[in-house]
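Visitor: As a plain string of letters, each chain reads:
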Amino acid sequence: MHVGLHHYLFVSFLLFSLGLLGVIMRRNLLVIYMSLELMLNSANLALVSFSRFNHKLDGQVLVFFIITVAAAEVAVGLALIVALYRKRQSAHVEDLTSMKL
Amino acid sequence: MDWNFIIFSLVKIAIVVGVVQGIVAYSVLAERKISAWIQDRVGPNRTAPPFMKFVPVLGPFLTRLGIFQPLADGLKFLVKEDFTPAGVKKIYFWLAPAVSVIPAMLTVAVIPFGSNLGAQKMVIADLNVGILYTFGIVSMGVYGIVLAGYAANSKYPFFGGIRSSAQMISYEISMGMSVIPVLLIVGNLNLGQIIGWQSGHGWLVAYAPLSFIIFMVASFAETNRTPFDLPEAETELVGGYHTEYSSMKFALFFLAEYSNMVASSAMMVTLFFGGWTLPFWGLDQPAQSLAMGVLQIFVFLAKMLFFMVVFIWVRWMFPRFRYDQLMDLGWRTFLPLALVNILITAVWLWLRS
Amino acid sequence: MAITVNRKPLTFWEKLYLPAIVGGLKVTLKHAYGTLFQGKVVTMEYPEQKWSMPENYRGAPYLVKDQDGDTKCVSCQLCEFVCPPKAIRITPPGDSARLADRANAEKMPLEFEINMLRCIYCGFCQEVCPEEAIFLQKDYSLTGTTRAEMIFNKEKLLALGGVSPGIQKWKDKLAEAKAQENFPVKL
Amino acid sequence: MEQINNLVNGGAVEDVLFYVFAALTLLCAILVVANPFSRSPVTSAMFLVLTIISMSGLFLLLHAFFLAAVQILVYAGAVMVLFLFVIMLLDLKEEARRKIKFFGLAAGLVSVGIVFSIFVKSLASLQPEAAGPALEGETYALGKLLFTQYTLPFEIVSVLLLVAMIGVILLSKRKLE
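The listed protein sequences correspond, in order, to chains Z, W, V and S. For what it's worth, our numbering labels the leading residue of the first sequence as 32, then goes sequentially. For what it's worth, our numbering labels the leading residue of the second sequence as 222, then goes sequentially. For what it's worth, our numbering labels the leading residue of the third sequence as 3, then goes sequentially. For what it's worth, our numbering labels the leading residue of the fourth sequence as 3, then goes sequentially.
The set of hints was computed from the structure by calculation and includes no laboratory data. Here a beta-carbon is modelled for each residue, glycine too, at the ideal position from N, C-alpha and C. Among the hints, a few may not be true.
Simulated DEER-style distance windows between Cβ atoms [as the list claims (entries may be wrong)]:
hint, chain 1, residue 1, chain 2, residue 2, range
1, W, Gln242, V, Leu31, 29 to 39 Å
2, W, Thr268, S, Leu164, 39 to 49 Å
3, S, Ala36, W, Ser468, 30 to 40 Å
4, W, Ser468, S, Phe39, 23 to 33 Å
5, S, Lys146, W, Thr268, 56 to 66 Å
6, S, Ala36, W, Glu457, 39 to 49 Å
7, V, Pro87, W, Glu455, 27 to 37 Å
8, S, Val15, Z, His86, 16 to 26 Å
9, V, Gly146, W, Val300, 48 to 58 Å
10, S, Tyr142, Z, Asp126, 42 to 52 Å
11, V, Ser54, W, Thr268, 23 to 33 Å
Just a sample of chain S residues kept apart from chain W, beta carbon distances all over 12 Å, derived [stated by the list, open to error]:
hint, residue
12, Phe23
13, Cys30
14, Phe104
15, Ala108
16, Ala126
17, Gly145
18, Ile158
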């Protein structure tokens, strides 16, 4: 059986689920952040494969934007984590119980 | 895709890797010799295999040049004790040298080192996103250094790793931005096409001199050469990220550094100095005969070696930058310059069209 | 109180780094040219070319013989006493042993050892020796593969030291004393 | 020989490569989220790098050469280095293995189930492959599309980047005056 859109979408689905599980179950902020990246990447994969099998470039343009936004998001998020760590000396979700810094 | 393609690719890969390794070995010798000359010394001139004594004239001459020194160096690296300090993170400690060598070796895959020999194009992979590929691979080079610094569990290598990660990200941006005018002028990401454009219009260094300067400085920073060798600044950080390494693992870091030098010299030649072309004797067109093809490969090698010498030469011209000066230079001088350069080139192209 | 010396602001050209780059190019090229084509090398290729030592160079201390081929040392042990790193070890002749093998000496060392690994080439032994029997010579390339090999015994020291005719020391001392007598000292 | 050539030309190699890269991607992704051997965030980050690299292999199989290169350049080359930089800066110790909470597991499985149902639904409504010429990784066409049809999003994204940059600089100052 030829590899088609289904296969790619299935891989993308599995990646997304893994990312989701990571976000829900892990407690280290940085690992949660990496799981978010996994989810974004799975969306990228789905979009690129749609673009390939529908013969349209729009999907790839969207991926381009996602990568850009992800870079910005990571920069801001990591800066937030560093700021949080300075205040609390911890990067653990369970240690962050109050909304006020 | 057929068998011919696979076989010829493998042959090309083998030859290119071999040649790059050879150049790396002898650029270490060149580094030592040129350093010696600049410092009024003689440099390595003793090492020779025992039978060289019996070769008249040529033997002493080659020994004087230090031709056999790299062999001795390599042998020494192989037989030295491979020491693993206590408390290192073993997996990363073993992985780091390999991780730093692989990207360095991968970069040369897309560089056209000649026009063609017969029907074979003299490039391993003729990618249509050649430049992006190079930048991507070069950006992977930082992992080796960061992992080495992290794995060593010692403060000086750690500083080296942290410094290099910041330095490499910073200069990668200037480097990427500096190439954009070239892409604007040529309108293609394929390195072969860029050389083709240059054979018709003249070398790109004349069109984008500022790009070349920024690219060159940034590649000094990317390969961790003086004046930007902060990750391994021996006066402050002992040896930087490779302080705790010995034997072949240490040699691999050296291999990576010199392979990076080879790759960035090759990139400079390809992007700005016409690659394998020379503007006379019909050398600017793809070769018709075998001899021409070989000659063009040698033209490319000669240009590349010139830049290798510049790399070595510059080492003795400048003192090392301080860390804040380095960041200042990268972010507040080269980045705006590169952006202005893009703007000027774009406006110029727009006015011409 | 700390005094702050303000750095001069860089001029436009200095900020460009260009003059500095050209200067660096010039200096390095000049030196490379000098080494390659004019033979201006500051280093010496050691085993073939040897350094010519100054007259007062202090190398390894060896024992010397007089013009008759006899050992000058009389085993007074002053050098052993003065030696700062205690590198010299002299075994004097015992009661039963033959005291000296020449007529004008009361006794001679049975064994005379200098540990060259400890010796610091200070020259005190030469200075203190009343018989001018030990001299710091111009040997600076002492090598050995074991520690025991670097302890030189009497035979080796004598062989390395060679012959030094006459005993000049007392004459020199006299001249020194004379010079000091003539020295105008005002009280 | 003939048969092998046919296989190669028929795309069998690409199919095999797909399975290899997909397996690598998923394996590394599992090791990012739940590594049985190490709880160190550095290990997670390194496996995420591997995930990204093997994903760019998948992109290559989809003939998106430009995006494959950008993926490595931006994600592996910059974003993950930033991650490593922060991990090292914070000097995070290996976290102790904690008991998996039942609630968390249940929530995770439920959400994965929801995603799965969406996935199945979308597969059911999947249209057969559209006709038309197959797109190769045309950097030129991509650029053209980006600067004509998608100019507004492009500008907005660049403003977003600027805002993010200013925000990060403000955040990482030690004291806000």
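Visitor: Could you run down the list of hints and mark each one as holding or not?
Guide: Evaluated hints:
1. Distance hint check: the CB atoms of glutamine 242(W) and leucine 31(V) are about 30 Å apart, consistent with the given range 29 to 39 Å.
2. The supplied range of 39 to 49 Å is broken by threonine 268(W) and leucine 164(S), whose beta-carbon atoms lie about 57 Å from each other.
3. At roughly 36 Å, the beta carbons of alanine 36(S) and serine 468(W) sit within the given window of 30 to 40 Å.
4. Distance hint for serine 468(W) and phenylalanine 39(S): a CB-CB separation of about 27 Å, consistent with the stated range 23 to 33 Å.
5. The hinted window of 56 to 66 Å between lysine 146(S) and threonine 268(W) holds, with their beta carbons roughly 59 Å apart.
6. One distance hint, 39 to 49 Å for the beta-carbon pair alanine 36(S) and glutamate 457(W), holds here, with the actual separation near 40 Å.
7. Judged by the Cβ atoms, the range 27 to 37 Å given for proline 87(V) and glutamate 455(W) holds: they are separated by roughly 34 Å.
8. A hinted range of 16 to 26 Å holds for the C-beta pair valine 15(S) and histidine 86(Z), which are about 22 Å apart.
9. At roughly 25 Å, the beta carbons of glycine 146(V) and valine 300(W) sit outside the given window of 48 to 58 Å.
10. At about 51 Å, the beta-carbon gap between tyrosine 142(S) and aspartate 126(Z) stays in the expected band of 42 to 52 Å.
11. Our hint of 23 to 33 Å for serine 54(V) and threonine 268(W) holds, since their Cβ atoms are close to 28 Å apart.
12. Separation of phenylalanine 23(S) from chain W is adequate, the least Cβ-Cβ distance of about 16 Å exceeding the 12 Å criterion.
13. Listed as outside the interface, cysteine 30(S) is consistent with that label: its C-beta sits roughly 15 Å from the nearest C-beta of chain W, beyond the 12 Å cut-off.
14. Residue placement check: phenylalanine 104(S) keeps its beta carbon more than 12 Å from all beta carbons of chain W (closest about 33 Å).
15. With a cut of 12 Å on Cβ distances, alanine 108(S) stays outside the contact zone with chain W, its closest approach being about 34 Å.
16. The beta carbon of alanine 126(S) sits about 35 Å from the closest Cβ of chain W, which is more than 12 Å, so the claim that it is off the interface holds.
17. Once the 12 Å rule is applied to beta carbons, glycine 145(S) is inconsistent with being away from chain W; the minimum gap is 10 Å.
18. No Cβ of chain W comes within 12 Å of the Cβ of isoleucine 158(S); the nearest lies about 20 Å off, and the non-interface call holds.
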